[in-house]
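Quick mapping for you: the protein sequence lines, in order, are chains L and F.
The opening position of the first sequence corresponds to residue 1 in this note's numbering, with each subsequent residue numbered one higher.
The opening position of the second sequence corresponds to residue 439 in this note's numbering, with each subsequent residue numbered one higher.
Incorrect hints may have been included.
[What the hints assert, rightly or not] Result set (EDC-like, lysine to aspartate or glutamate): computed pairs, CA atoms no more than 20 Å apart in a straight line: (1) F:Lys549 with L:Glu351; (2) F:Lys549 with L:Glu389; (3) L:Lys171 with F:Glu569.
Read the hints as simulated data drawn from the structure, not as lab findings.
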Amino acid sequence: MTESDSRGLPLKTWPMLKEVNNNYNFQIAAAINEGKPIVIASGMCPQQLQGAFDVVWVTGEWYGSICGFSRDVGLCETAERCGFPHETCSYARMTIGSMIEDRGFLGKYPKPVAVLGTEGLCNVQAKWFEALARYHNVPFFVLDSAPIPSQILPEWWGEDAVKDSVKYYAKQLENFIDFLEWVTGQKPNEEKLIDAVITMDRNERLWDELMRLWRAKPSPIAGRSLFTFENLIVSLPTSHAASRVLEAIIEELNDRIAKGISGIPNETIRLLWQAQPGWYVLGIIRYFESQGANFVTTPYLELWGSHFRYDWCKEATPDWFREFNKPNNFAECFWEISKSIIAQMTRPRLEAGVKAIKQMALEAEIDGGVWHAVRGCKGVSYGELAEREALRELGIPGLILEGSPADPRDFSEGPALRQIRIFIEQVKRIKKRRKRNC
Amino acid sequence: MFKELELIVNDRHNHAKQLKVRTNKGIIGYLCSYVPEEIIYAAGFIPVRLFSSEEAASLADTYMQSYYCTFSRCILHQALAGDFNYLDGLVTAYTCVNMRLAFDSIQLYGKIPFSRMIYTPGIIDDPNSKEFYYKELLRFKKDMENLSGRSINNDDLREAIKVYDENRSLVNDIFKDRRNPVPSITGKEAYIITLSGMLTDKQEHNEILKTTSKQITNRAGMKKGVNRLMIVGSPLDNLKLLDIIEDDLDAIVVTDDTCTCTRYILGKTPEENINQDPLKAIVERYLIKRPPCPTKHAQNRWLQCSSCPFRAVSCFLMNPAQKKKLPKSLIFSNPERICRFRHSLQLAINHNVEGVIVLQQKFCDPHGFDYHHVAQSFIDIGIPSIMLEIDNIISVGQIKTRVQAFLEMLQPVNYVIEPEIKEGISLNI
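The whole structure should be built from the sequences, with the hints applied where relevant.
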């Protein structure tokens with residue numbers, strides 16, 4: 001199926017993207033049927049490591065988001081019946097419900113041989129996966145990132161603190177390899193790991209380029225489409241097939257920019273989006289588009305690339321932290337992975353986040369910002385209100401929509417649409433006033 | 439007997455202001471029980487813990503969404519309202535995301551001159567974590583030296599550790615009495631003891647405790663033949679809940695696993711480390727010796743399950759370790775208290791608990807995810823539990839009805855564990 005974007009020209013790369021995404025789903029479905037070893041991991045686990053083993057790697061966030069897209073509320077209810085509070089992450093509740101009921105969009109639930117959690121960005125990414133491991137009675141490993149607290153005031157803890165964080169994480173990766181070896185009974189493949197590290201870096205740079213092109217004026221792609229491309233960098237970041245799709249979309253967007261083709265017709269309003277969308281209610285974004293409003297940037301998607309991740313911490317980190325060196329052995333792979341995870345996992349602390357969003361707003365020339373206040377996801381919606389205040393100081397209006405990425409019960413579509421209508425009118429009025437003053 | 443301590447808890451801001459004038463020492467606020475207070479104390483400051491209040495957290499609404507816990511939102515509200523203006527600094531440990539946003543927001547928008555966040559590793563049993571944490575504490579020590587304008591040597595640290603360990607011992611001695619069939623102190627009094635300790639100079643607190651301890655020894659037992667309860671879960675700083683349980687409903691809280699009471703005082707600093715390197719001793723105490731909070735993970739906690747006295751309890755993972763031998767590189771340590779569930783069950787049995795109240799601070803993810811396993815593990819040994827969702831404001835009527843119904847269903851306790859296993863449970867908490 002092609003993306004019949006009636007508001008702009010359809011993307012030629014779309015069928016290619018769909019094929020890669022579908023193959024990923026089929027691969028997991030086949031693994032369930034064939035009894036291949038499956039590892040369920042937090043999205044913040046370094047995915048490069050799956051390259052070293054012949055395992056099927058299922059990202060919890062990806063699984064939860066597709067459950068959300070399918071609007072399978074019954075899974076959340078099952079988790080809640082077992083005592084997991086409604087206020088917790090909806091991805092987690094979807095996955096836990098699917099696990100208990102042993103059903104989901106792939107037919108059966110992918111029963112893992114091991115579960116991997118992460119600590120650092122938010123507490124859920126460890127607790128959720130701990131709950132899965134306890135239920136399955138399978139080994140559980142937690143990777144603990146050590147963010148760099150000195151990021152707020154670079155003068156305090158300096159280079160040594162950064163080095164200690166990277167060393168700390170790299171040492172854990174050594175243990176992690178031992179753990180996976182123990183769980184799967186396989187020897188880690190150094191060559192494949194090196195390839196995965198290099199491919200992931202390449203894909204992150206391609207993602208950066210995609211994000212840059214997205215900001216063009218007018219934007220050559222509808223913001224909504226980017227959320228489908230996200231699976232390439234979230235679930236398939238070490239895949240060569242993902243590189244090919246990213247290269248193709250970059251080429252296509254360059255071509256569209258040269259020809260002046262926009263993602264939506266009559267792009268009159270440029271907006272910033274923050275946090276995951278409600279996967280069950282992507283139609284809301286279509287409503288924005290119908291009003292000539294396109295989302296042209298978001299810190300949430302930018303975070304998957306390397307530019308944004310390293311850019312925010314450049315004042316607090318030495319050059320070597322932000323430079324990628326092609327690894328030649330396990331130890332060098334661990335070092336490169338650790339740098340990227342620490343930068344990504346830390347996610348801008350409040351001050352850095354506020355600075356970064358101001359910079360993005362100015363660079364992408366946005367007229368307004370929309371924040372999805374994601375109930376249960378405190379990691380992604382961290383500091384959203386302060387960000388909105390910061391943009392208000394720049395004269396950019398903001399709208400907060402409360403909901404959750406996977407549980408439709410947390411989102412009230414009617415009131416949200418009314419809020420959006422008022423917001424768009426507000427943005428239009430502010431734009432008109434500015435034009436007059438010019 | 440507890441009036442002096444209760445006054446500290448109820449009038450905490452004025453107490454801290456007076457303390458500052460009286461002792462001529464700076465006051466450093468801290469947000470989490472993982473903050474190594476000993477280092478702050480050794481630098482010549484008085485660490486005081488920041489708690490929520492019963493005010494609406496209206497000022498926090500500008501920076502924190504309503505789905506962050508009210509405990510953290512209330513602290514931010516008070517900071518923005520200027521209630522903490524007497525503080526010379528603010529320190530937190532990296533534990534939960536709620537407190538992290540409260541800290542970040544205070545750092546940016548509050549008016550506190552100095553603020554630091556210490557990264558407390560999420561993995562507590564790995565030697566790699568200890569090494570990292572040690573370096574983190576060295577950096578923090580240097581910051582405190584710069585702030586105080588004086589260097590902190592090993593003797594200063596040893597002295598601070600001594601004061602803090604004495605406090606832990608004194609409170610522990612008082613708390614041991616709670617195992618008796620007719621305890622001499624109530625749950626509310628226990629909370630007053632620990633909360634006041636977090637809000638005043640530890641040395642002064644020790645002096646008060648010495649007197650209180652003697653008075654308690656001569657006191658008649660409290661509440662004979664009433665239901666014995668345990669509180670497990672999110673931080674509790676609003677004592678109204680205990681008024682409902684103990685005064686209105688005539689039960690008694692004999693122990694707890696919360697970071698504002700028993701979890702705060704358990705775990706002495708290992709003496710062998712104090713003599714060698716006191717900072718290393720602090721690392722050991724905070725990572726290994728104290729009971730963990732749900733945000734902390736022991737990498738191979740599940741490895742210990744096959745030898746756990748509660749191995750029949752369903753919350754544990756024990757099969758993986760039985761399948762095949764784990765590589766040496768992954769076996770870190772096997773300390774007793776590293777498993778939170780085991781620790782809670784042990785406390786419950788040692789105190790003859792008949793029912794458990796699981797406190798869930800609204801929007802507290804770490805405790806929310808643990809609830810299923812906590813409740814299940816207590817059920818497995820024959821202790822029923824009830825979950826109470828709390829906020830900074832206690833809804834007295836609703837809570838009273840729920841606890842009353844829970845008390846009515848309680849039966850005399852009959853722990854479902856093998857006798858030899860029960861004997862194997864350490865009474866030495």
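Hints versus structure:
{"no.": "1", "hint": "F:Lys549 with L:Glu351", "in the structure": "holds (15 Å)"}
{"no.": "2", "hint": "F:Lys549 with L:Glu389", "in the structure": "holds (18 Å)"}
{"no.": "3", "hint": "L:Lys171 with F:Glu569", "in the structure": "holds (11 Å)"}
Of the numbered hints given earlier, the model fails none.
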